[in-house]
Amino acid sequence: MNIIITISLTAFIVLYAGLFKANKALLPLTVVGLLTALGFTVGAWNGNAVHFGMMQTDNFALAFSGVCIVGTLLIFLLTQNYFHAKSDNIAEYYTLILFALAGMIMMVSYKNMAMLFVGLEIMSVSLYILAGIRKKDFASNEASLKYFLMGAFSTGFLLFGITLIYGATGSFDLDRIHAYLIDNSIAISPIFYPGVILMMIGLSFKIGAAPFHFWTPDVYEGSPTLITTFMSTVVKTAGFAAFLRLFAGTFAPLHDFYVMPLMVIVCLTLFIGNVTALFQKNFKRMLAYSSISHAGYLLFSLIVLTKNSDNNVFVYAAAYTFASIIAFAVLILVKQKTGSDSFDSFNGLAKRNPMVALCLTVAMLSLAGIPLTAGFIGKYLMFLNVMQEYQTLLVAFAILNALVGFYYYFKVIVAMWFKDGDETELSTPAQYKIVLLISVLITIVLGVYPSIVLNLI
Amino acid sequence: MEQLLLLIFLPLVGAIITAFAGKSAKIVSTVISIASLALALFIACNFIPNASTQFEANLPWIADLGIRFHAGIDGISMLVVLLTNLLVPIIILSSYKHDYKNPSAFYALILFMQCGLLLVFTAMDAFLFYIGWEAALIPIYFICAIWGGKDRISVNMKFFIYTIGGSLFMLMGIIYLYLQNPAHNFDIQAFYALNLDNAQQGWIFWAFFIAFAIKMPIFPFHTWQPDTYTVAPTQGIMLLSGIMLKMGIYGVIRWLLPIVPAGVQDWGNLAIILSIIGIVYASIIAFTQKDAKRLVAYSSIAHVGLISAGIFALNQQGMQGAMVQMLSHGINVVGLFFVLDIIFSRLKTNKIEDLGGIAKVAPKLAITFLIIILGTVALPGTNGFIGEFLLLMGVYNYGIWAAAIAGLTIIFGAVYMLRMYQNIMLGKTNELTITFTDIKGTEKLVLYTICALIIVLGVYPKPILHLTEASVQHLLEQVNQKLNTVN
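Here the protein sequences come in this chain order: Y and L. Per this note's numbering, residue 39 is the first one in the first sequence, and the count goes up by one each step. Per this note's numbering, residue 1104 is the first one in the second sequence, and the count goes up by one each step.
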């Protein structure tokens, strides 16, 4: 509870600070607020408290809250030089991001379907606005509208699913639903099954899994890059945690029933994400499609449920989040300099700023899943997970997709190191340096010595 | 244990130092690589050539996943470790006349790769092996793609996708073995002790074999190789052909044969057939090459084909031959590419028809080149002879027809190699080659060292044979024992 209260309070304080034109104080306030929230997260570790029967702050929730808060913190640090001097809605940016974060904390710690819905909506509504916050930018407007329509649509699916499950069990409480499934394992109400499928569709929309991914590339491309960073990393992580809590926990007795549709979703997600990413000429769009493919790998943990499934997702999501933050941070820098986010604008980056190029290289290696980076450990855990039931064909399919992935991630590396571009200097603001350094450090430490996170949850 | 850890991580530390050494990177990396060589020689002197694993390091690493930092050296490892640590200083020295842009990165990558290679050659834990396998690939990708010739980007991408694709399938096989192992770890002895049925062994064989076959490369997995050799910088080719190729051969010996002997029994015939096709096919293509570098690239495929045929013949001679030939081929091929690099750096061409008569203006180069060529074509008294002789004997014990066809490699090899020598070195000088200057400085040092090795190993190969004999015998016994229990 403390975590949500702190974040929400910070949001209000920041809003008022914006009202009094204290623009310089916004970032320090936010950082202090988030660090406090992080402190509460760490402090509550192993506490496993249930709040009003609605929220459960177990280690699962705390671990994912931690990733979300740290991720958001890093993204806030990227706001340096991001807003134009004239922009008068900086405080709103901050507040909305913080509200979205509060929603995410609910999503990762819900114990009641109602809280899932509330959390999801707090997050989504904030994001609808954030996507379109550049009022005069046509692409931003389009992104916002598209996101809103698709989001509302998916919320409908989700709500319908929740309703059906309520109809079958008479409860929103996850434990009660779980108990119902176990007690009535032979005679589960026929309306429960469509409920599960509808919820699966609703959540697949949110995490951008195929075939419910169509909004992702346009929204990611149209939104301000900072917001895209937020959406494709932290938001996605929270969505996954919510997905996992429901399907790996509550619906686990129905695993045999939902595994087939899930398998279809996984294969489609991997294939569509990777193959379309391959043909992108725009770095931002490539990241959008590749984020779809990562959703596919993440769903691996639901195909075979083991006691490690939670932790596997945690490691993968952390690896993906920090690598993506590096990628987007560098993208913001490059775009500010060149005005374009195509692959070509990365040409010769290694000459202009070798440190940034090196950081982005590490990020790309991690996203591609090369050993000694966090991304490899994440992928390895996912493969290990499904191999436990010897789903060798699925792994072979995933390997072929990973090969496609190597190709497009290495396009960036090729552009930076092997191609000649213009020689203009690319300077890195101090806060960007901090973000890049922290993220690279996490990526490499998790890759070389993953033991620190392997049995966290 | 400390020696082994020092051996593995000295190049890594060296790589980090070199990366910040700026202009003196050349010197720093040379010093470090020579120190590694000294260390390897020290270890070799203290190595007792029996079948046991020595200098073992067994430290906890990722305990939750059953992964340990477990490495050690037996006779087979010792040989390839020596080869690696011998060739890296030679390769670094051979680069002295080049002024690569950004030298600190270049030499740091070479040393980083050395660390990965040493991990591969000493790993006793499958996960560690895989990490080393990939850690050796990334630096060579950057070396070839940054400092390579034209078309390097697409060619290297092909090389990279090919090799990493193979290794991912190997990873799948490793995970499978890990799950089959009741102790849930990656220890090599536990993998050896697994009792898999024939069907399981069959597909594990393929999961590993594809990775190894691409690396070696065996026909038809070789298509990345000639292109990559053409565009890569010379030092990159030397690393690829001199050492990296041995990763595949070593992998077959260390991991494939003892873990899935029944799989090898079922599919080994196919592997031998592919190898032999590779020998003939590569030799024929080598004939028609106009570019000397490509010719040597194809000849390398032919030689490797013979080595892999010898291994899959599953007998002592073939295996010992493969051991010696790994060493000899590494030395010879680095020598060949170095000579071609010297020619290219002076005349800007490696086209055979443009050259000729170099022997007249550069007698020292001509002599050393001749010795290297004779070593390559396996003249008795050179290092190539021992290996090829044993290999052919091994293949002969497997099947007389196989040996008859595989033996063609020697005849073919002699023909295209000597013809290349004739066209480049002998005859009349032309406008281009008249300006050629003889070797000097580090070029002399490198070539004389290589020639000395060729002759010494050719005349007195016993230490090398002795070094590996017990380990090879032990390995074959293990394989046969396991086969008997399955059948």
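Watch out, some of these pointers could steer you wrong.
In the DSS-like style, the derived pairs of lysine-lysine whose C-alpha atoms are separated by at most 30 Å in a straight line are [to be verified]:
hint : chain 1 : residue 1 : chain 2 : residue 2
1    : Y       : Lys173    : Y       : Lys184
2    : Y       : Lys457    : L       : Lys1126
3    : Y       : Lys389    : L       : Lys1204
Covered stretches of chain L, as calculated for chain Y (at least 3 residues, CB under 8 Å) [to be verified]:
hint : region
4    : 1159–1169
5    : 1258–1266
6    : 1272–1278
7    : 1332–1341
8    : 1457–1466
The set of hints was computed from the structure by calculation and includes no laboratory data. We treat Cβ as the ideally placed atom computed from N, Cα and C, and that holds for glycine.
To see whether the hints hold, each was checked on the structure:
no.: 1; hint: Lys173(Y) / Lys184(Y); verdict: 15 Å, holds
no.: 2; hint: Lys457(Y) / Lys1126(L); verdict: 23 Å, holds
no.: 3; hint: Lys389(Y) / Lys1204(L); verdict: 12 Å, holds
no.: 4; hint: 1159–1169; verdict: holds (count 5)
no.: 5; hint: 1258–1266; verdict: holds (count 3)
no.: 6; hint: 1272–1278; verdict: holds (count 4)
no.: 7; hint: 1332–1341; verdict: violated (count 0)
no.: 8; hint: 1457–1466; verdict: violated (count 0)
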